[in-house]
Amino acid sequence: MKAVSVKNASMHFGDFTAVQDVSFDVGEGEFITLLGPSGCGKTTLLKMISGFLQPSSGIIEIGGKDVTHVPPERRDTAMCFQSYALFPHLSVADNLQFGLKQKRLLTAERKQRLQDVATKLDLTAQLDKLPNQLSGGQQQRVALGRALTMRPSVVLFDEPLSNLDAKLRDSVRMEIRKIQRDYNLAAIYVTHDQGEALAMSDRILIMNNGRIEQAGTPHEIYGTPNTSFVADFIGDANILDAEVIGEEGAGRWRLGTQIGELIAASAAPPVAKTLKVCWRPEKAQFGPGTENTITADITHRAFQGNYTDLFVMIASAPQRVQWRDNAVGLADSLTMHIRPEDIIFLEAIA
Amino acid sequence: MTRLNLNKILLWALFGLCVIWLVIPFTIAILWSLVDPSQPWTPDHLLPPSMSFYRWGYLWAHSSLKIAMFNSYMLAPSVAIVTLTLAMPTAYALGRINFPGKEVVKLLVLLPLVVPGFVTAIFFTAILFQLGLNAWRFGAILFAHSILFLPYAIRIMSVSFETVRQDHIDAARDLGASTFERWKVAYIPALKPGIMATLLIVFIYSIEEFAIAFIVGSPNFTTIPTLLFTNLGANFIRPNAAVISLILVVPNVILMLFLERLLRSANPALSSGKG
Amino acid sequence: MTWRSWLKLGLLLAPGLGLILVFIGSVVYIAIAQSFGLFSLSGESEFSLEYWSRMFERLTYNRAIGYSLYVGFASAFLAVLFAYPLAVWLRRPFPGSLTISAVLKAPLLVHGLVAAFLYVNIISYHGLVNQIMQGLGIWDGPHRLQNDSRAIGVLILQTWKNMPFALLLLVGSVSAISDDVLDAAADLGAGPFARFRRVIAPLSVSATQAALVIVFVGALADFSFQVIAGPVNKQSLSQLMVFFKGYGRWHDAAVVAVTLMGLGIAGSALLALVSRFILRGGRLS
Ligand SMILES: Nc1ncnc2c1ncn2[C@@H]1O[C@H](COP(=O)(O)OP(=O)(O)O)[C@@H](O)[C@H]1O
Ligand SMILES: [Mg+2]
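Chains as they are written, first to last, in my numbering: chain A, 211 to 560; chain B, 1306 to 1580; chain C, 2 to 286.
Hints may be right or wrong, so weigh each one.
As the list claims (entries may be wrong) - Facing chain A, a subset of chain C residues (Cβ under 10 Å, in silico): (1) D184; (2) A187; (3) A191; (4) R199.
It is worth saying that the hints were derived from the structure and are not from the lab. Built from N, CA and C at the ideal position, the CB exists for glycine as well.
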């Protein structure tokens, strides 16, 4: 059974379409990330799932039941807010138990769950404090704990780490993932941080302008982006306009691009005769190869510690190269090659 | 039911309430003020059978309305100016000087609003009697009003003083401006909306004030509210009361709307004062 | 701070705060002193408890206390009762909400005496209410509604005049509660009423207290509404005080004045405590 199914959901605010025809499923115990730039409709989609917004059209199912018209207080979801949204007048313990009291659980059961969550999140010493007496990281954990005590079918996270500093973010990230696994919860996690998405998710949905551009495991998304938007949004990519000149045997094509003729190898054929293609800067191979050998003029170099960023000009097209070997020296140009399987087909050029 | 529909229903309910709340009462008052004495407005008529401005003219010519209006409209601007003048130094201290006990001062300033109006009025009269000043009605009311409305003036002006920008003052000093010049370029422009608002609010409150004017002024010094009060009590003639009510309320409502706008432009935080 | 800056501060505060303290201070002082027989304007001044003890035996005085407290508490309660749902409704702007709050706030601009007059017009013997009730066939003949003995007229007027004020205070504090916090409550299973009881009410305690106290103090000391629309067989404390003053019985007026102020303070404290207790769901801390 699916924990959550979203079927053809759309959301219009007047003339503006914030979410358009989105469909996806979340399996039990699955951790899904909604990733996309600010304003692309992530929060709107999350609010449709939690019930704060009624979809203009489409269906939301939770645990196999249609909940499209069920108000948030009767949906089996728990949300972890970006602002934490802790109740300022209630102690940490009362914040954690708020939902349980609404459910009218027995006192013993309630105390049991409170202890359980407080121990897991290391909040036992803070139970009597008010939220404004806690540090940012602790508040974050209370917000998480408050959602977890509900043992919901699905936990929803709206950029829960954006108010924490970078160090803390890494550790809380792992903590969230660990607890989600322990409880075997389905989770939908919203972020605009691609690193976070790649590191945490079972599956990533990339959103752009209210639509899902691509869905897949982190490896799939990074390795075979479908569009230049996805290629550019996740990691760095050199994107080129290409024309398919001819087929070179099984799964190999000859392309004409700004940087010269290239051979590309792909399981899936190109979607059109003229299309976008890309290659990742770190895939450049040093020295000449059997195919796709290129000479590049180096215009600028930026030392990054474990690698060097090279900004190069190939036949008057600016490209980026990542060089693992820091000993590029001060040469003005370099010879390199790109393996055919590292050239990825993207969307057609209209 | 969606929130949108609910709002629509509530909106209509409120529209109805608004009619009951404001439109009907005022329409009736206006109609009463227009009743011509030749034919009384009996309950079998929806509208007065004969309407004219007779009452307005009559009251103007044959009652103390003229005197009451003169008194009120002399008193109010004087009170406004005196109150503003008295409020300025304290407002400056509250707005621009940091001193221990500032919060206490801010609370103490509110005292005139806490003591019931009629207590103030009656025992102020007692003091006047003790001092032998009980014949000095205009001055006494002016004095009492000025102090009574100080809390509003101090509150508005101290916020205004807070909004004067220190870098403007410093820039003026840096460029060699004298004290007077400094006030002209840095203080006055920032204080202007506050000053206008203070004058206006005190003016309105003074026109409306009843307890002091009634107790200190009785029996022979009338203002518009005291005149209305006598016309609502012992010599109640509905059309006359209607005329005086409208004379009291209409100019003030217009001034209030003006004030609201002024306060909003001067300081958004203040516009929640009155109106 | 140096003594010079203290001196400067003193001089600055003198015309504003200084005058207020002297004026209100002497008014309150005279009231208290006169209630004990001092500062007599006619006969001899000497300290005595007689005015108090005789006043306590007067039926009019004791009934005025009960009546004024009733008007004060009932008005405060009604004003806040009507203002609360409106404040929750107007928490966030929506199309038309500005107009609505303008209409609701309009009574603030209408003078109390005028309000009383408008009300009296509507409920008069041949007024609108009587006409409508007869027109609908509910009443056979006109009823006398003015100066009703249960002071319903006074309460209607007090509520009409004070509700906008309570609304102003409550909207301010209710709209300061963030949407996320209310959404979080809903998400954790709290329905509309639970959200009000567990989140909105406890977070707007101080505004509610302020509204209750201010409306109470004003209504407790009511004079004009009582004189024009109140029951003829009952007197409010202010009315009683003005009555004594009118006959030159300053000491008796002073006793009533001190009673009024004392009840104002005691009643306010009581209201503040009780409202806090209730809104916090039965806890004081
Ligand atoms: N209640 C609303 N009314 C109108 N437009 C809205 C509303 N809520 C969100 N939007 C718009 O929808 C778009 C998506 O918003 P949101 O889902 O918050 O984006 P994000 O991906 O940053 O979370 C934005 O352009 C936003 O301005
Ligand atoms: Mg968002």
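Going down the list of hints, with the structure as the test:
1. The interface hint given for C/D184 is met, as the beta carbon of that residue sits about 6 Å from the closest beta carbon of chain A, less than 10 Å.
2. Hint status for C/A187: holds, given a least beta-carbon distance of 4 Å to chain A, under 10 Å.
3. Contact between C/A191 and chain A, as hinted, is supported at the beta carbon level, the nearest pair being about 5 Å apart and thus within 10 Å.
4. The closest approach between the C-beta of C/R199 and any C-beta of chain A is roughly 7 Å, which is under the 10 Å cut-off, so the hint is satisfied.
Taken one by one, the earlier hints all hold for this structure without exception.
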